[in-house]
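Throw the hints in and build the complete structure from the sequences for me.
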Amino acid sequence: QQQVKQSPQSLIVQKGGISIINCAYENTAFDYFPWYQQFPGKGPALLIAIRPDVSEKKEGRFTISFNKSAKQFSLHIMDSQPGDSATYFCAPQSGGSYIPTFGRGTSLIVHP
Amino acid sequence: DTEVTQTPKHLVMGMTNKKSLKCEQHMGHRAMYWYKQKAKKPPELMFVYSYEKLSINESVPSRFSPECPNSSLLNLHLHALQPEDSALYLCASSQGRGLSTETQYFGPGTRLLVL
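So the protein lines, in turn, are chains A and B.
Under the numbering used here, think of the first position of the first sequence as 1, with each following residue one higher.
Under the numbering used here, think of the first position of the second sequence as 1, with each following residue one higher.
Among the hints, a few may not be true.
[What the hints assert, rightly or not] Here's a subset of chain A near chain B, in silico, CB distances under 7 Å, partners left out:
1. Asp-31
2. Tyr-32
3. Lys-42
4. Gly-43
5. Leu-46
6. Gln-93
7. Ser-94
8. Gly-95
9. Tyr-98
10. Phe-102
11. Arg-104
[As the list claims (entries may be wrong)] The calculated DSSO-like cross-link candidates involving lysine-lysine, where the alpha carbons are at most 30 Å apart (straight line), are:
12. B:Lys-41 to A:Lys-71
13. A:Lys-15 to A:Lys-57
14. A:Lys-5 to B:Lys-36
15. B:Lys-36 to A:Lys-42
16. B:Lys-53 to A:Lys-42
17. A:Lys-15 to B:Lys-41
18. A:Lys-5 to B:Lys-41
19. B:Lys-41 to A:Lys-68
20. B:Lys-40 to A:Lys-57
21. A:Lys-68 to A:Lys-58
22. A:Lys-15 to A:Lys-58
23. A:Lys-5 to B:Lys-40
24. A:Lys-57 to B:Lys-41
25. B:Lys-22 to A:Lys-42
26. B:Lys-36 to A:Lys-71
27. A:Lys-58 to B:Lys-40
28. B:Lys-18 to B:Lys-53
29. A:Lys-15 to B:Lys-38
30. B:Lys-41 to A:Lys-58
31. B:Lys-9 to B:Lys-19
32. B:Lys-41 to A:Lys-42
33. B:Lys-40 to A:Lys-71
34. B:Lys-9 to A:Lys-42
35. B:Lys-40 to A:Lys-15
36. B:Lys-36 to B:Lys-18
37. A:Lys-71 to B:Lys-38
38. B:Lys-38 to B:Lys-9
39. B:Lys-36 to B:Lys-19
40. B:Lys-19 to A:Lys-42
If you're looking for bench data, these hints aren't it; they were derived computationally from the structure.
The structure displayed is predicted, hence computed values, not measured ones.
By construction, the Cβ of each residue, glycine as well, lies at the ideal position given by its N, Cα and C atoms.
What follows is the structure, encoded as structure tokens:
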């Protein structure tokens, strides 16, 4: 059973464009919704995260939108830059289990 | 200091070798993890240590043997590996308080090639 479905698998955008990555989940016990960013040859690093009591969180060019009823959350990257080229993982967590459930990942390429 | 360090960065070993991967953090975290990551795949949880005790073993073959000598160190001992074990091995740590909002801090990984 795939608890977390992430899409698209890969994404190519032009510099300055908007990148959107989606994550759908089944486990209603999830109550923390982070996105991790991983550059080649590096470990994943927390990019931005949201709690279910808010519908949107913005940090600079990065925004998480959360839809509890649809059990979906998404990452929006505004004004995408070549330096944003990386793999992005949604990785929701549930109370009592502080271990993330990783999505399959999205490879983002931003062309100059 | 929010850094998790891992050594070595790269490792090539034969199927009969014994080697160890090392991980260290000085953030006072009490949960430490080993993950295996294949190319273009998400990290796959192998082991979790909580307060220096093994709390989760995700049915990992016995050729992988974890060890947590103290709250800052985590080792992964390797013996009689198979070529399919070639992967990036990631260490991570988190506070270990059992809160869903805990952030995992990952090291850069050890790139392992088994010949």
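Consistency of the hints with the structure:
1. Checking Asp-31 (chain A) against chain B by beta carbon gives a least distance of about 5 Å; that is within 7 Å, so the hint holds.
2. The beta carbon of Tyr-32 (chain A) is positioned within 7 Å of a beta carbon in chain B (closest approach about 4 Å), and the interface hint is therefore held.
3. Hint status for Lys-42 (chain A) relative to chain B: holds, with the closest Cβ pair at about 5 Å, below 7 Å.
4. At its closest, the beta carbon of Gly-43 (chain A) sits 3 Å from a beta carbon of chain B; the interface hint therefore holds under the 7 Å criterion.
5. Checking Leu-46 (chain A) against chain B by beta carbon gives a least distance of about 5 Å; that is within 7 Å, so the hint holds.
6. This hint holds: Gln-93 (chain A) has a C-beta 5 Å from the nearest C-beta of chain B, less than the 7 Å allowed.
7. About 6 Å separates the beta-carbon of Ser-94 (chain A) from the nearest beta-carbon of chain B, less than 7 Å, and the hint is met.
8. Annotation: Gly-95 (chain A) was flagged as interfacial toward chain B, and the flag holds, the nearest CB pair being 4 Å apart, inside 7 Å.
9. Interface hint status for Tyr-98 (chain A): upheld, as the beta-carbon distance to the closest one in chain B is roughly 4 Å, under 7 Å.
10. Interface restraint check for Phe-102 (chain A): the shortest CB-CB distance to chain B comes to about 4 Å, inside 7 Å, so the restraint holds.
11. Proximity of Arg-104 (chain A) to chain B holds as hinted, the smallest CB-CB distance being about 6 Å (cut-off 7 Å).
12. Of the pairs offered as hints, the one joining Lys-41 (chain B) and Lys-71 (chain A) holds, with about 23 Å between alpha carbons and a cut-off of 30 Å not exceeded.
13. A distance of roughly 23 Å separates the Cα atoms of Lys-15 (chain A) and Lys-57 (chain A); the hinted pair therefore holds under the 30 Å criterion.
14. The suggested pairing of Lys-5 (chain A) with Lys-36 (chain B) holds, with an alpha-carbon distance near 20 Å, which does not exceed 30 Å.
15. Note on Lys-36 (chain B) and Lys-42 (chain A): the hinted pairing holds, with a Cα-Cα distance of about 13 Å set against a maximum of 30 Å.
16. In summary, the hint linking Lys-53 (chain B) to Lys-42 (chain A) is supported, as the alpha carbons are separated by about 27 Å, within the 30 Å threshold.
17. Among the hinted pairs, Lys-15 (chain A) with Lys-41 (chain B) is consistent with the structure: their alpha-carbon atoms are about 26 Å apart, no more than 30 Å.
18. For the hint pairing Lys-5 (chain A) with Lys-41 (chain B), the CA-to-CA distance comes to about 13 Å; that is within 30 Å, so the pair holds.
19. Restraint check for Lys-41 (chain B) and Lys-68 (chain A): the C-alpha separation of about 26 Å stays at or below 30 Å, so the hint holds.
20. Taking the CA atoms of Lys-40 (chain B) and Lys-57 (chain A), the gap is near 28 Å; set against the 30 Å cutoff, the hint holds.
21. Using a Cα cut-off of 30 Å, the hinted pair Lys-68 (chain A) and Lys-58 (chain A) holds, with the two alpha carbons roughly 17 Å apart.
22. Proposed proximity of Lys-15 (chain A) and Lys-58 (chain A) is supported: the alpha carbons are some 20 Å apart, at most 30 Å.
23. The suggested pairing of Lys-5 (chain A) with Lys-40 (chain B) holds, with an alpha-carbon distance near 15 Å, which does not exceed 30 Å.
24. About 27 Å separates the Cα atoms of Lys-57 (chain A) and Lys-41 (chain B), which keeps this hinted pair within 30 Å; it holds.
25. In summary, the hint linking Lys-22 (chain B) to Lys-42 (chain A) is supported, as the alpha carbons are separated by about 16 Å, within the 30 Å threshold.
26. About 28 Å separates the Cα atoms of Lys-36 (chain B) and Lys-71 (chain A), which keeps this hinted pair within 30 Å; it holds.
27. Between Lys-58 (chain A) and Lys-40 (chain B) the CA atoms are separated by roughly 28 Å; this keeps the pair inside 30 Å, and the hint holds.
28. Using a Cα cut-off of 30 Å, the hinted pair Lys-18 (chain B) and Lys-53 (chain B) holds, with the two alpha carbons roughly 23 Å apart.
29. Between the alpha carbons of Lys-15 (chain A) and Lys-38 (chain B) the distance comes to roughly 29 Å, so the proposed pair stays at or under 30 Å and holds.
30. The hinted pair formed by Lys-41 (chain B) and Lys-58 (chain A) meets the criterion: a straight-line CA distance of about 27 Å does not exceed 30 Å.
31. Straight-line distance between C-alpha atoms of Lys-9 (chain B) and Lys-19 (chain B) comes to about 13 Å, which keeps the hinted pair within the 30 Å bound.
32. Restraint check: the Cα-Cα separation between Lys-41 (chain B) and Lys-42 (chain A) comes to about 14 Å, which is no more than 30 Å; the hinted pair holds.
33. Between Lys-40 (chain B) and Lys-71 (chain A) the alpha-carbon distance is near 25 Å, which keeps this suggested pair within the 30 Å criterion.
34. A distance of roughly 10 Å separates the Cα atoms of Lys-9 (chain B) and Lys-42 (chain A); the hinted pair therefore holds under the 30 Å criterion.
35. For a cut-off of 30 Å, the pair hint linking Lys-40 (chain B) to Lys-15 (chain A) stands: about 23 Å separates their Cα positions.
36. Proposed proximity of Lys-36 (chain B) and Lys-18 (chain B) is supported: the alpha carbons are some 18 Å apart, at most 30 Å.
37. For the hint linking Lys-71 (chain A) to Lys-38 (chain B), the alpha-carbon distance of about 28 Å falls within 30 Å, and the restraint holds.
38. Of the supplied pair hints, the one linking Lys-38 (chain B) and Lys-9 (chain B) holds, its CA atoms being roughly 16 Å apart against a limit of 30 Å.
39. Distance hint between Lys-36 (chain B) and Lys-19 (chain B) is fulfilled; the C-alpha atoms sit about 16 Å from each other, no more than 30 Å.
40. For the hint linking Lys-19 (chain B) to Lys-42 (chain A), the alpha-carbon distance of about 22 Å falls within 30 Å, and the restraint holds.
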